[in-house]
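Q: For the record, the sequence lines run as chains A and B.
For reference, each letter of the first sequence is one residue, going 381 to 549 in this note's numbering.
For reference, each letter of the second sequence is one residue, going 1077 to 1293 in this note's numbering.
If you are wondering where the hints come from, they were derived from the structure by calculation, not from laboratory data.
Since the structure is predicted, the reported quantities are computational estimates derived from the model, not experimental observations.
Careful: at least some of the hints might be erroneous.
As the list claims (entries may be wrong) - Pairwise CB distance ranges, derived in the manner of DEER restraints:
(1) Leu1278(B) - Leu523(A): 48 to 56 Å
(2) Thr481(A) - Tyr1228(B): 27 to 35 Å
(3) Lys528(A) - Leu1111(B): 22 to 30 Å
(4) Thr396(A) - Gly1262(B): 33 to 41 Å
(5) Lys485(A) - Ser1221(B): 36 to 44 Å
(6) Lys501(A) - Asn1179(B): 31 to 39 Å
(7) Ala461(A) - Arg1140(B): 45 to 53 Å
(8) Lys528(A) - Leu1278(B): 45 to 53 Å
Glycine included, each C-beta is placed from N, C-alpha and C at the ideal position.
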Amino acid sequence: MKQEQRINVDLEEIITKYRPVITFKVIKAIGSHTPEWEDIVNEILANVIEKIRQKKFRGESTIGTFIYTITQRRIIDYIRAKSKSLTQVPEPKPYPSPLETLEKKELSHQIFQAIKKLKPKYREILYLYYYQGLSREEVAAKLGISSKKVSERVHYSLKLVKKELKTKK
Amino acid sequence: MKKCKYEELIDDYLLGRLSPPEKEAFEEHYFNCSLCFHKLQERDAIISVIKSEGVTLFQDIYARELTKSPSWWEKLTAFLPFPQVAVAVTTAAIVLLVVLGINSLRQPSSPQFILTDSQVRGESITLISPVIDINSIPTEFRWTSLGNKIKYYRIYIYNHELLWSHQTEENFVVLPEEVKEKLKAGEKYSWQVKAFAGDGHLVAVSSRVQFKVTPRQ
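The whole structure should be built from the sequences, with the hints applied where relevant.
A: Set out below in structure tokens:
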């Protein structure tokens, strides 16, 4: 009985909560420059709702895991279908440009300004760790500090950026 | 609020450092953890800006690195993959030099093929781009010009072996399509330029510098 009650999911809540999560995963997998990404997200949500209505979600896993499994399968199907029609599998850009919405562009601009404002030692840590993609140990060796200090400095740099973004709101 | 253990994996996930099973486990987790997903979105937005606008954001740091002259150790390890190999090669080189030095005392001096800084009168070729991680396969390789005394340059691109070599009179080269196809994302490459005078005499050699095309997510 308790399991049945848990399975009584609010479909509207599912769409609201999981659309951004599914969107994030799909875009990471196939890229925002791929025009079909939005259709794929909608297909996944439709599939999730249909399966819930057909009582195929029995509560054996969490709803998050259930939706993740459906999302993964759809992405794999898409990539397989694309690889059959092209000589090469379409590879997403490693860091596609932020989505072309005004809000996203504004946020990117604010992040840019926030990073620019950082003191040199905090910008340098972001440059080495994220832009150059060095490991903590490599950054530590380069700067002559401990790996722990690198983690702390990265964490603090991000904290400063987020703090600057909050003051802009 | 108790920190989620998966929070520490956010950077590794976004920078493509997780193994496939780890990546799957992390992805399944953020489908179930609103807190981690929120932090993931925040971090992704910041890293996206860093990666796409990095050239502008970190111009001063990048320029400082270009003008910094590498120590002999940094020059040596720039193209050697592992520190242990670097130590072994350096030791072997020292032993070889000692042996050659002893031999040269008995024989007339032979032509030198190894240029020292004094022989090129302090000039060296600085490689301009690509020199660090890049988001896409480079289309052009560029280096500093040494002026009219140089008849031509020769560029060499390596992964584990020589991938491509080309001669040019300019201080840049546009990569042919067939060579671009050989460069794969996630792989490390290095390149070097040598400058020759009109009589074919080697005038200057750049350091061998690594670059990597950022792996795909």
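Q: Give a verdict on every hint.
A: Hints versus structure:
A hinted range of 48 to 56 Å is violated for the C-beta pair Leu1278(B) and Leu523(A), which are about 36 Å apart. At roughly 50 Å, the beta carbons of Thr481(A) and Tyr1228(B) sit outside the given window of 27 to 35 Å. Between Lys528(A) and Leu1111(B) the Cβ separation comes to about 24 Å, which falls inside the hinted range of 22 to 30 Å. Between Thr396(A) and Gly1262(B) the beta carbons are some 37 Å apart, a value that agrees with the proposed interval 33 to 41 Å.
Look at Lys485(A) against Ser1221(B): about 38 Å separates their beta carbons, and that is inside 36 to 44 Å. Between Lys501(A) and Asn1179(B) the beta carbons are some 51 Å apart, a value that contradicts the proposed interval 31 to 39 Å. Roughly 48 Å separates the CB atoms of Ala461(A) and Arg1140(B), a value that falls within the hinted 45 to 53 Å. Evaluation of the 45 to 53 Å hint for Lys528(A) and Leu1278(B) yields a pass: the beta carbon distance comes to about 47 Å.
When the structure is compared with the earlier hints, violations turn up for hints 1, 2, 6 and for no others.
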